[in-house]
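Q: Those protein sequence lines, which keep their order, are chains A and B. Under UniProt numbering, read the first sequence as residues 1 to 272, first letter to last. Under UniProt numbering, read the second sequence as residues 1 to 363, first letter to last.
Simulated from the structure, these hints should not be mistaken for lab results. For glycine and all other residues, C-beta sits at the position ideal for the given N, C-alpha and C. Heads up, a few of these hints could be off.
If we take Cβ atoms under 10 Å as the criterion, some of the chain A residues that face chain B in the derived model are [claimed, not checked]:
| hint | residue |
| --- | --- |
| 1 | 99 |
| 2 | 101 |
| 3 | 187 |
| 4 | 188 |
| 5 | 192 |
| 6 | 232 |
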Amino acid sequence: MKSKTANLFYFIPYSLWLFLFVVAPVALILYNSFLDINHHFTLANYTTFFKSGTYLMMTLNSLWYALLITLVTLLISYPTAYLLSHLKHKQLWLLLIILPTWINLLLKAYAFIGIFNQTGVANQFLSFIGVGPQQLLFTNFSFIFVATYIQIPFMIMPIFNAMEDLNQSYINASHDLGATNWQTFRRVIWPMTLPGVKAGVQTVFIPSLSLFMLTRLIGGNKVITLGTAIEEHFLITMNWGMGSTIGVVLIVAMVIIMVLTGDAKSRGGFQK
Amino acid sequence: MAQPIVKLNHVSKSYGDSTVLKDINLELEAGKFYTLLGPSGSGKTTILQTISGFTSVDAGDVYFDGQRINELPPNRRKVNTVFQDYALFPNMNVFDNVAFGLTLQNVKKAEITRRVTSALKSVHLNGYGNREISELSGGQKQRVAIARAIIMEPKMLLLDEPLSALDAKLRRDMQYELRELQQRLGITFLFITHDQEEALAMSDEIFVMNDGVILQSGTPVDIYDEPINHFVANFIGESNILNGVMREDYVVEFVGKRFECEDAGMRPNEPVEVVMRPEDLTITTVENGKLVVTIDTQLFRGDYYEIAATDDDGNEWLIHSTNSVPDNSRVGVTFAPNDIHVMRFNESEEDFDARLETYETDD
Ligand SMILES: Nc1ncnc2c1ncn2[C@@H]1O[C@H](COP(=O)(O)OP(=O)(O)OP(=O)(O)O)[C@@H](O)[C@H]1O
Ligand SMILES: [Mg+2]
């Protein structure tokens, strides 16, 4: 009996947190999304959203860039994680990769402005090798480059952990049964590290949907995502209803991604 | 002897400063059941891996079917391994695990299904195809691992302590099954264990290893009855090992007495060690005994009593007897000349075999 009350007691901070910072905000967003600018109940925000080409374009844009960022991040992180898990002092190397995540995002964004601007290090180098200075800042390339840079550690970590759990004897068994390196990768290593990949995709894709600081500072607002639109509605046009509606759409998109990358069992066998 | 299926020729292997295999020479004939027996860290797995290709050798040659295969990668060697931890792929069910090797080749689906079914049948797991690996018991996993290997129809199967994770009863059952499977398929088995009883029960031939060296090879009976040195005698079964002196051919002296024995070919008065197996010692009356001992303790082992005794000179003796003897009683112990086995110090296996030749032929 006593332990039960104690358990309840431990739950209080967590429940408070959950209520104040998760349930209440989501409820508020949902509530606000049904209000027009004069605080009257309306469905107009949703009709606007789904009828307007601009918003739908923005949604597609968000999804497209989040997808690109996730893909590039994955392409870099997977081999890196594989390499890391085979290194001698892997914990040290991992620490070096995690280190940048401790630095504030804005700070990193400003650092890249310094690197990518007309007289920055990147352009100095391009001049040096004879290519000549280029417009780097405020391009789609720089946006994806910086976003990828920021997200890489979050992709590497879960994949690295999955690689660590992958026992060498599975790989030996595969070779023993006649598999080439590529077959071993496709049939054993990839399926067995897929949970790590999924976790990484979740932690990268979902935040990438609403990266608005970077779109502004590095992308120069050429790329307008839903995150940017929310910011505009809340801070500039003061149309909280519309901002909330976009927020709801984002939340729904996130839930869909979570479900899609969820626990579905991955199979490496030939029987489907 | 026909062409050996596997031949290791002066094979050595080191990791840093530690030499793990020291000049290993070994030949395996097709169709036999071989066992590598030795304590932990003696290099058994390393030998297996030089054959499967997961370890490269520093010196020496590895031959398979007459071909030197030192440089051949594991996936192109015609041997398959049953790993110590089974290494069944957890992301596939039993069927897909067993089918794995065939699906890498251009084998038709119907053919795969047929062969998987028959492989599962031969390890008594019909109908388990759709089970997940996590739903299997230890013994079942072990059978799946065997099925996954034998479906490849290898010329040789390497088994790295496949029974070590099983309980005693299941282990015995699997010993019979493995032996029966090997004889039915006619594949050469190279089996690793550090359990001497298992090695004696299953093998056509045993290699006893210690510290990266093969100390002795031979049939279970040879190794049990004529161990080459103290280590082998001690490692294979219980034994009484005493210091003695070889007075002349067929006469050995120990515990202050001379006994007739069946060993010869040594220098007169050469210091030797004498081995006597506990089950070869018979308890009798004090008058009839070649030795007189006092019983210290006894343990009932089910089919015999394990008796610890001390003789008048303070040497300890281990005796197996079907009858119980009262503690602290004085009894006689008797044995026949062929129950005594004499071992020379530092005799190599070659010299040992050569010496045996000299006097066993003129019997
Ligand atoms: N990759 C490696 N690096 C360094 N040393 C190794 C390596 N693999 C094996 N060894 C060493 O080689 C020796 C022999 O190892 P091996 O695995 O062959 O022993 P084993 O007879 O199979 O032992 P066990 O019965 O415990 O499995 C051991 O001392 C081990 O520490
Ligand atoms: Mg081993």
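Q: Take the hints in turn and mark each one as holding or not.
A: Consistency of the hints with the structure:
Interface restraint check for residue 99 (chain A): the shortest CB-CB distance to chain B comes to about 32 Å, outside 10 Å, so the restraint is violated. The criterion of a C-beta within 10 Å of any C-beta in chain B is not met by residue 101 (chain A), whose closest approach is roughly 30 Å, and the hint is violated. A cut of 10 Å between beta carbons decides the hint on residue 187 (chain A): the least distance to chain B is about 7 Å, and the hint holds. For residue 188 (chain A), the interface hint holds, since its Cβ comes within 10 Å of a Cβ in chain B; the closest pair sits about 6 Å apart.
Restraint check, residue 192 (chain A) versus chain B: the minimum CB separation of about 6 Å is within 10 Å; hint holds. With 10 Å as the threshold, the beta carbon of residue 232 (chain A) stays out of range of chain B, its nearest partner Cβ sitting at about 46 Å, so the hint is violated.
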